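Student: Single-letter residue listing:
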Amino acid sequence: EDKVVQSPLSLVVHEGDTVTLNCSYEVTNFRSLLWYKQEKKAPTFLFMLTSSGIEKKSGRLSSILDKKELFSILNITATQTGDSAIYLCAVFGQGAQKLVFGQGTRLTINP
Amino acid sequence: EPEVTQTPSHQVTQMGQEVILRCVPISNHLYFYWYRQILGQKVEFLVSFYNNEISEKSEIFDDQFSVERPDGSNFTLKIRSTKLEDSAMYFCASSRSPYTEAFFGQGTRLTVV
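The listed protein sequences correspond, in order, to chains V and C.
So the first sequence is numbered by my numbering: it starts at 1 and just counts up by one.
So the second sequence is numbered by my numbering: it starts at 1001 and just counts up by one.
Incorrect hints may appear among the rest.
[To be verified] The calculated DSSO-like cross-link candidates involving lysine-lysine, where the alpha carbons are at most 27 Å apart (straight line), are:
id	chain 1	residue 1	chain 2	residue 2
1	C	Lys1042	V	Lys57
2	V	Lys3	C	Lys1042
3	V	Lys37	C	Lys1042
4	C	Lys1078	V	Lys57
Bear in mind the hints are in silico, worked out from the structure with no lab data behind them.
Values in this document were obtained by computation on a predicted structure and should not be read as measured data.
This is chain V alone, in the form it adopts within the complex:
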């Protein structure tokens, strides 16, 4: 059964800190890994990763995938209170048109 595990489940830091969120996966015939940010309701898309070692970057957020070790990390530098959210990791497997989600990391940024 496909599985996605995120750590930590919860993280509280101060504004300005840098955080690293982890996502490990076991999936048959991996196709892609996606990161989402969930604030109040809808998950909003952040990154999609398909190749190992290629960093995706958007402002203060960046992410990288390691297909050999089956994990991805999401980094957020110079955190702001607006970064407070649940961050979700999800994967697509070959032949499976469904995203398998992890349980999420609840990130709280204190001023």
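Given the coordinates of chain V, work out where chain C should sit on it, guided by the hints.
Tutor: Relative to chain V, chain C alone:
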């Protein structure tokens, strides 16, 4: 910016009643999905839909559930004979192609009483 829209935002229904949740996917997207999230739990896949038919469904998506694309824009999820455990946030999503970024709607919070 195009977005997935869902209605209603919140629905309260009595156990045993039927509900229809509605979604308008992004207009040039071809793949449509329903997911649900029970409070405090993971987002779970229900069904994917392409070319006017179900392409994949989960074990959750039993005979109680059905999906339809009644016209060129709407995508609906029908839940027959609702149960208390169907209470959840239901998300619709769409993507341009398979295995690529799926964009989610704001969700419908379904409460079965």
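Student: Each hint: holds or not?
Tutor: Evaluation of the provided hints:
1. Lys1042/C x Lys57/V: 26 Å, holds
2. Lys3/V x Lys1042/C: This hinted pair holds, its Cα atoms lying about 12 Å apart.
3. Lys37/V x Lys1042/C: 14 Å, holds
4. Lys1078/C x Lys57/V: Given pair lysine 1078/C, lysine 57/V is violated - Cα atoms ~39 Å apart, limit 27 Å.
Against the hints set out earlier in the document, a violation occurs for number 4 only.
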